[in-house]
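Just so you know, the sequences run in chain order V and S. Read in order, the letters of the first sequence are residues 1 to 237 in our numbering. Read in order, the letters of the second sequence are residues 1 to 213 in our numbering.
These are computed hints drawn from the structure, not numbers from a lab. Predicted model only: the values in this text are computed from it and were never measured. A couple of the hints might just be wrong.
[Unchecked claim] Just so you have them, the derived chain S footprint on chain V, three or more residues with Cβ under 8 Å:
hint, segment
1, 72-81
2, 84-91
3, 117-128
Don't be surprised by glycine CBs; every beta carbon is placed ideally from N, CA and C.
Residue-level listing of the chains:
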Amino acid sequence: MKHFMLPVRWFLIFILIFLLISCSRLPVIKPVDQAVLPDIERRCHQPFVDIPYRFIHAIEVTLPGGGAGTVVGVTVVDPAAENIHSVIMTIEGFVLFDARYEREVRVDRAVPPFNAKHFAERLMEDVRLILVAPRGRPSIAGILENGSTICRYDISQGRILDLIIHQDKSWEIGLYSDSYETIRRVNASSVMDRIPKLIKLTAYDYWDYSLLLTLINAEPVLAGAIQLQPGESPDDE
Amino acid sequence: MEFMTTASRAKKGVFLIGVLFSCTIMLGWADNWEDIRRESAKIKSVSAHFSQEKHIQILTRPLVSKGLFYFQAPDSVRWEYTSPVKSVLLMRKGDIRRYTVGSKGLVEDKGGSLESMQIVLQEISRWSTGQFTANEHFSASLKGGRGAKIILTPREKGLSSMILRIVITLSPDRPGVIKSVKIIESEGNYTLFEFADVQINGKISESLFREVI
Numbered sequence: 001m002k003h004f005m006l007p008v009r010w011f012l013i014f015i016l017i018f019l020l021i022s023c024s025r026l027p028v029i030k031p032v033d034q035a036v037l038p039d040i041e042r043r044c045h046q047p048f049v050d051i052p053y054r055f056i057h058a059i060e061v062t063l064p065g066g067g068a069g070t071v072v073g074v075t076v077v078d079p080a081a082e083n084i085h086s087v088i089m090t091i092e093g094f095v096l097f098d099a100r101y102e103r104e105v106r107v108d109r110a111v112p113p114f115n116a117k118h119f120a121e122r123l124m125e126d127v128r129l130i131l132v133a134p135r136g137r138p139s140i141a142g143i144l145e146n147g148s149t150i151c152r153y154d155i156s157q158g159r160i161l162d163l164i165i166h167q168d169k170s171w172e173i174g175l176y177s178d179s180y181e182t183i184r185r186v187n188a189s190s191v192m193d194r195i196p197k198l199i200k201l202t203a204y205d206y207w208d209y210s211l212l213l214t215l216i217n218a219e220p221v222l223a224g225a226i227q228l229q230p231g232e233s234p235d236d237e
Numbered sequence: 001m002e003f004m005t006t007a008s009r010a011k012k013g014v015f016l017i018g019v020l021f022s023c024t025i026m027l028g029w030a031d032n033w034e035d036i037r038r039e040s041a042k043i044k045s046v047s048a049h050f051s052q053e054k055h056i057q058i059l060t061r062p063l064v065s066k067g068l069f070y071f072q073a074p075d076s077v078r079w080e081y082t083s084p085v086k087s088v089l090l091m092r093k094g095d096i097r098r099y100t101v102g103s104k105g106l107v108e109d110k111g112g113s114l115e116s117m118q119i120v121l122q123e124i125s126r127w128s129t130g131q132f133t134a135n136e137h138f139s140a141s142l143k144g145g146r147g148a149k150i151i152l153t154p155r156e157k158g159l160s161s162m163i164l165r166i167v168i169t170l171s172p173d174r175p176g177v178i179k180s181v182k183i184i185e186s187e188g189n190y191t192l193f194e195f196a197d198v199q200i201n202g203k204i205s206e207s208l209f210r211e212v213i
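Whole structure, please, built from the sequences with the hints as guidance.
Have a look at this one:
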């Protein structure tokens, strides 16, 4: 019996240590006065645009095993409708991937390897994470030890999203699983007029990869502008 | 009165010479494949500035990139972007490499999109020497005359799912010179390359096709 109890005790200690380590991965939030909470929530909304916007980025992709390359990404987000239209092309202009999220993902074009199963869904999740404000109000909001503002959101599937706004207006996102494992980390820097010049996304789940987005252009788009601009046909043939 | 008549005749003569000269230009140098092959065969090297306009539905204005193009017969190409993303494609003896300036400086691209670029650059090499027909990837048709156009249509279904057709517009007044290339991927989705400051048969350092900087 003693022989059996000892491993159980050690197992429980191991679980406790594991949970403590896991929990310690989430930043510790210092509570703030209720009166300043609305201001903190307002600051947590600052990284995200309120109106439809078009972003053009140079995207450096780093894959496991050393694969790397640069593509150009064009993304239109409509934050009110939560619609996303995303196009990835080579520097030479070849379209590798063209998909929309309008309640569901619709892929218009996907050249290998961008036609991989679930690629479109995961890409849209990454785009949403970077460019669209989390739904609802934060479950906790406050400040960190270093004075940065933090809003913590409980999102679907038990996941947690921490949005941290630093005093220099740079910001970061930590996306954690229900067991507090880091799934995504986003760091945005060189922020001007709410738009970051650089965004780095690191993914830690299915397969590790990182995306470094360098802003080429950002501009507001008229709502429905995409629908109003059917592709013009080449006219000089 | 006699003076007026002479002046009038002279004017008419100048006018006629002008018309004839214009007609000669209008006839162009690219009325048939043989003309094109003959003129293009004289081209041993090309250097030019290019602008690239990407037209696609998601953009209300085209995305413009700029760069430099170098070609040395038979098959060396340097395709260099100076903005908005600095990048250099080098093709020499069938070997192709791409370098892009990123967070770690100039880094060789190890992505998988180079295979398609290899096809395109090999085509550009062929076009630069007038080899439009007898092509394994594309069938070619010619609309001759001034500012002649060559329309390339993919032969294979796999390629036609990526490229509907390519329209090459030849320079109206410079034999052997390509004015623009339009790559149409689908209706409303095309890339237009336009060449300017084209230098023909100038000396190009061999190192430009070997070294990035």
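Outcome of the hint check:
1. 72-81: holds (count 3)
2. 84-91: holds (count 5)
3. 117-128: Our answer is that it is violated, as 0 residues pass the Cβ test (under 8 Å) against chain S, missing three.
Hint 3 from the earlier list is the only one contradicted by this structure; the remaining hints agree with it.
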